[in-house]
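A.B. asks: Throw the hints in and build the complete structure from the sequences for me.
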Amino acid sequence: MLQSEALARAEERGRRVRLGTWLGDGTLGAIAACVLAFLYLPIATLVIFSFNDNRSLTLPLRGFTWRWYETLFANEQLLQAIWNSCYVALSATLLTLVIGLPAAFVLHRLNFPGKAAFRRLILLPLALPGIITGISMLNLFKLLGVNLSLETVIVGHATALVAIVVTQVFARLQRLSRNIEEASADLGARPWQTFLLVTLPNIRSAVIGSALLTFTLSFDEIPVTFFLTGRDNTLPMYIWSTMRRGITPEINAVGTLIVLFSAVLIVLSVVLLRDRRR
Amino acid sequence: MSAAHRPGPLRAAILSLPLVWTLAFLLVPYLIIFTISFYTRKYPTFLPDFQFGNYLIIFEDPQYYQVLWRTAKIALVVALLATLLSYPLAYVLVFKIRSARLRAALYLAVIVPLWVSYLLRAYIWKTILGSEGILNSFLVTLGLLDGPSPLFLYNQFAMVVTLTYIFVPFMVMPIYTALEKIPRSLLEASGDLGVGPLRSFLAITLPLSMPGVIAGVTFTFCLTFGDFVAPLLVGGPDGQMIANVIASQFGATLNWPLGSALSIVMLLVVLAVLSLSARLDRTGRVELA
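Going down the list, the protein sequences come from chains A and B. Note that the first sequence covers residues 0 to 277 in numbering that gives the first Met the number 0. Note that the second sequence covers residues 0 to 288 in numbering that gives the first Met the number 0.
Since the hints were made in silico from the structure, they are not lab data. One or more of the hints may lead you astray.
[What the hints assert, rightly or not] Restraint ranges, calculated between C-beta atoms of paired labels, are given here:
{"hint": "1", "chain 1": "B", "residue 1": "A23", "chain 2": "A", "residue 2": "R243", "range": "29 to 37 Å"}
{"hint": "2", "chain 1": "B", "residue 1": "F33", "chain 2": "A", "residue 2": "N178", "range": "45 to 53 Å"}
{"hint": "3", "chain 1": "B", "residue 1": "D237", "chain 2": "A", "residue 2": "G144", "range": "33 to 41 Å"}
{"hint": "4", "chain 1": "A", "residue 1": "S176", "chain 2": "B", "residue 2": "F156", "range": "51 to 59 Å"}
{"hint": "5", "chain 1": "A", "residue 1": "I47", "chain 2": "B", "residue 2": "L105", "range": "17 to 25 Å"}
{"hint": "6", "chain 1": "B", "residue 1": "F51", "chain 2": "A", "residue 2": "K141", "range": "18 to 26 Å"}
{"hint": "7", "chain 1": "A", "residue 1": "G144", "chain 2": "B", "residue 2": "L26", "range": "17 to 25 Å"}
{"hint": "8", "chain 1": "A", "residue 1": "N74", "chain 2": "B", "residue 2": "L270", "range": "38 to 46 Å"}
{"hint": "9", "chain 1": "A", "residue 1": "N178", "chain 2": "B", "residue 2": "A188", "range": "18 to 26 Å"}
{"hint": "10", "chain 1": "A", "residue 1": "L60", "chain 2": "B", "residue 2": "F156", "range": "20 to 28 Å"}
{"hint": "11", "chain 1": "A", "residue 1": "L259", "chain 2": "B", "residue 2": "D280", "range": "35 to 43 Å"}
{"hint": "12", "chain 1": "A", "residue 1": "G25", "chain 2": "B", "residue 2": "F137", "range": "21 to 29 Å"}
{"hint": "13", "chain 1": "B", "residue 1": "G146", "chain 2": "A", "residue 2": "S240", "range": "30 to 38 Å"}
[What the hints assert, rightly or not] Chain B regions said to be covered by chain A (calculated; three or more residues, Cβ under 8 Å):
{"hint": "14", "region": "82-91"}
{"hint": "15", "region": "130-140"}
{"hint": "16", "region": "265-276"}
Backbone N, C-alpha and C define an ideal beta-carbon position, used for all residues, glycine too.
C.D. replies: Below, the structure is given as structure tokens:
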């Protein structure tokens, strides 16, 4: 009798705990869904209004049109800005690889006085607002008498973004066993052969992934570009000067294209940067 | 040492490239603005000098210290709001989603906006909050407002919303990583000992996820502190932040020494926050041997 009563009470308690967990999980799930909606609804409005047949961005929607995309491709200035951005982002990405790869190797393999300071310095732009990188480099170029151009922007982007390559490649190097490189050297490979044929293939995905990230970020960069560009505009600078004058569906159209383009690049880079499960 | 480890001249050149680059384009430029911050302004240029006048102005003229203070406040509010929104999301992803594939897909969905043009994400809020914007026309259609309200855009509220929106994915990343590292065995043990879910969370999950929260707050604070795109797009007269003041010193106002001094102050604030967070992280870290 007593036993069954205790049993019933335990069951009752269990039911209450389950109900509590269920309610708790429900609330948590609802909050998470709201945050996800907060992240995606604005992007959805950007895309929707790029197809809306109305000069001003107000509800209600007025029907579907390709008009804003058509005006985009007839806009000479915009096309020039896109071309400039591609040139800047590609060059800056190549440069970050040329500097970032050896930097990751230096940090991983060598010991030298001032190494800690070097690491801190090269990683600083990750947390440092871009405006400081932009302004300090503007000062340097003015002092040296270098005219501002797309090339100075490239140098600025490479300096600001090299930390991404360094952190990603460094992390991969740490997980890479030295044995295979030593085996390669023991078998008579020269250092550059070992690097090209053994090390590089093993860190390839980190290199490609961080290069894609760097490209995307450089393509979108404003604070450094703002201070270091001459007469030529990159795409974000062009969009920026347009949107400061007012909002138009053309910006939504070019924005939609950028969203599409960067989403593809990012998904690609995340897939590449993810550890392959053994 | 095998032959592979002996530095040849080419190898030395390749390895010294990043050192030379960082010295030339990071250290030297910082030293230059540090030097110029002591110069005297002589319109339209400046004279070499060594005086603290530019720094004194920043802390004496309300125009400057108020902007600094406002910027810090906004950065703090944004970091706090982003944490409050990101933590539950990261928690649900790590602990409540059973399928590994769905979890990976949702995580990806959260971080994709992070790399989708920063500028556009600020612009979107301009189109949503404006007096002819989507929010206003929505509220008017619903009958909640009689006419469009200009109250949503061009103020600090708009900036906080925009910046929080921009930094939520940034915050989810480190919190997610920290939560993922927590051994499930600890939570199971706590459950077996009869500790309720809420107390388990407060005693185990929350303290062990603090490194992620600290990392997220640090980056969000630092990057918000130096933002100058959002204030120009959605901030109003009371929404100017320190980066805008710096930019104008190098632009229209043409006062490079003062702009340099302001940049150095910003650099010091960021460095202070970084070292504070490193210290918090060290003392707060629980070793799981």
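A.B. asks: Would you mind marking each hint as holding or not holding in the structure?
C.D. replies: Hint check results:
no.: 1; hint: A23/B - R243/A: 29 to 37 Å; result: 34 Å, holds
no.: 2; hint: F33/B - N178/A: 45 to 53 Å; result: 46 Å, holds
no.: 3; hint: D237/B - G144/A: 33 to 41 Å; result: 40 Å, holds
no.: 4; hint: S176/A - F156/B: 51 to 59 Å; result: 53 Å, holds
no.: 5; hint: I47/A - L105/B: 17 to 25 Å; result: 23 Å, holds
no.: 6; hint: F51/B - K141/A: 18 to 26 Å; result: 23 Å, holds
no.: 7; hint: G144/A - L26/B: 17 to 25 Å; result: 20 Å, holds
no.: 8; hint: N74/A - L270/B: 38 to 46 Å; result: 43 Å, holds
no.: 9; hint: N178/A - A188/B: 18 to 26 Å; result: 38 Å, violated
no.: 10; hint: L60/A - F156/B: 20 to 28 Å; result: 27 Å, holds
no.: 11; hint: L259/A - D280/B: 35 to 43 Å; result: 38 Å, holds
no.: 12; hint: G25/A - F137/B: 21 to 29 Å; result: 28 Å, holds
no.: 13; hint: G146/B - S240/A: 30 to 38 Å; result: 31 Å, holds
no.: 14; hint: 82-91; result: holds (count 6)
no.: 15; hint: 130-140; result: holds (count 7)
no.: 16; hint: 265-276; result: holds (count 4)
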